[in-house]
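A.B. asks: Chains as they are written, first to last, in the numbering used here: chain A, 224 to 599; chain B, 18 to 163.
One or more of the hints may lead you astray.
[Stated by the list, open to error] Now the in silico label distances, taken between C-beta atoms and shown as ranges:
(1) A/Phe569 - B/Glu149: 53 to 61 Å
(2) B/Gly52 - A/Lys237: 45 to 53 Å
(3) B/Glu22 - A/Arg520: 35 to 43 Å
(4) B/Glu161 - A/Asp232: 20 to 28 Å
(5) B/Asp116 - A/Arg282: 53 to 61 Å
(6) B/Glu161 - A/Glu540: 33 to 41 Å
(7) A/Asp364 - B/Ala95: 30 to 38 Å
(8) A/Glu398 - B/Glu85: 55 to 63 Å
(9) A/Glu500 - B/Glu161: 47 to 55 Å
(10) B/Glu85 - A/Thr266: 41 to 49 Å
[Claimed, not checked] Cross-link-like lysine-lysine pairs, in silico, DSS-like; alpha carbons within 27 Å at most:
(11) A/Lys521 - A/Lys554
(12) B/Lys31 - A/Lys446
(13) A/Lys344 - A/Lys227
(14) A/Lys580 - B/Lys82
(15) B/Lys48 - B/Lys157
(16) B/Lys42 - B/Lys113
(17) B/Lys31 - A/Lys237
(18) B/Lys157 - A/Lys227
(19) A/Lys580 - B/Lys106
(20) A/Lys580 - B/Lys83
(21) A/Lys255 - B/Lys156
Rather than coming from a laboratory, the hints here were simulated on the basis of the structure.
Note that the structure is predicted; figures quoted are calculated from it, not measured.
Backbone N, C-alpha and C define an ideal beta-carbon position, used for all residues, glycine too.
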Amino acid sequence: MARKTLLYDFHVEKLGATMGEFGGWEVPMLYKSAIEEHMIVRTDVGIFDVSHMGRIRFRGPDVMELIQYLYTKDMKKVKEGWMSGPTLALNQWARVKDDEMLYKISDEEWLVVANAPYREKMINYFKKVIEEKKLKVEVEDLTFNLAMIAIQGPKVEEVFEKVGAKEFNDLHTLEFRYNTVFAGEKIFLISRSGWTGEDGFEIWAEPPAMIRIYEKLLEAGAKPVGTIARDTLRIEMGFVLGEHEYGEDPTRFPNAISLRYGLGAIDWHKHGFAGEEALRAYRREGVKWIRVGLRFRKKDGRVVPRTGYKIYIDDVEVGWITSGTYSPYLKRGVAQAYIEAPYAVFGETVEVQIRNKRYEAKIVDFPLVPGRPVVK
Amino acid sequence: MYVSEIVVEVKKKKYIIKTDRKYTKTDEWAKLEDGKIREGITDYAQKELKDIVGIELPEVGKEVKKGEVIGVIESIKATADLYAAVSGKVVEVNEKLLDQPELLNTDPYGEGWILIIEPSDPKEYDELMTPEQYAEHIKKHAEEGH
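So that you can see chain A by itself, here it is in the shape it has in the complex (with noise of 0.2 Å):
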């Protein structure tokens, strides 16, 4: 039985929301229309509930030992009150456990965002770690006490000085305030970030306040936006997701450098994380499979690529399909893929079977939508 969002009655009573499961938690999928959302994001402003993500506290005098093992990217360069990520957890063969943004609150005390369905398993394995390295760290699950939005959309700035919280419009991209007073109301955590490849902000607080000032941002003319149209705008960006374009399991998923993950996701000057010496030597070696867009012709009109999905070249089989999906901004078929390391050219064409047809794509770099600022 999947969980509630701690928002759901405020979903369905207020907004009348249709509600559908997302990583084993009941979210809204939709409020009107999903393309409408899409759109409302890319050009005006809207409102997400995430409430469904993971929300860990990591505290204790051995957190920096704990994070700077957990994960690829270098933690030590992160200053109190910013953001880093996002940054990956590895297993063994260098696969994607998770991907993750960490907060820092203090050396001791640092936050960490994990994805809705692996949020119990990172818990059990910070605990297994904190464990065998016999660290001092304590790992508080923050999820169900928590409710947290994101405020998306080029008009976000605007919104927020309607509801007399300008202030936080200076923040920079990555910064976040903690234990502070947004519109009125007490919150946990405000951050300049989000997911959707627009400009915006993502908020925790208890769900009353939380609740209240989903109000004022709806009244502000900021509008519902649904887990569909969350999916699509991140498609469009080409920003990833776990059992899509990543996984643990190696039978299903290359290893993270296939990823192409950027953002200094992995920082090669760093040693003595979990997964290095897999992921080093395939660095060595050179990876089998590239992460790539698709971009398909818009003359072929409404085309929606699916994961899984197979990709050809002059009918030889070199990739498939993580995640597609037609595009309302470009009003064309986009997808992210897997294509085999030699084929993986920008610029040059593919075919991707759809039932009895195929369809030329372009190999395309993200984000897949030109021109979207990817931060400010």
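Let chain A serve as the given structure and place chain B on it in line with the hints.
C.D. replies: Leaving out everything else, chain B in the frame of chain A:
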């Protein structure tokens, strides 16, 4: 002509069923017009699929069998098969849907019709679900599933 309808309400959602036609278990409607069958998907089907972005239509002239997959409807979220409501020959398809598949969402019983079949066995139409039977059918599905 005034066409009456049945409104099924499940979990705050309303589904419209037109009483001038018959229905399949796979959520297509079929309407008898001058001995031919016009077919489309129901309001329940379009609400389940949500944002419809594409459709694959059968070729005109194709012989189809009742219950056979004759097309595909793509929504943002999922791919759904379209089944022939009756056996016969496809005599017309709604090509307007290729450019405006969203008509399936906005007007599933009207502008969003999908194809016309010249039936080979008229009895098959009689065997389809009545509007009342279909109302019970979707009530059961909507309560169980979503």
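A.B. asks: Just pull the numbers of the violated hints for me, sorted ascending.
C.D. replies: none
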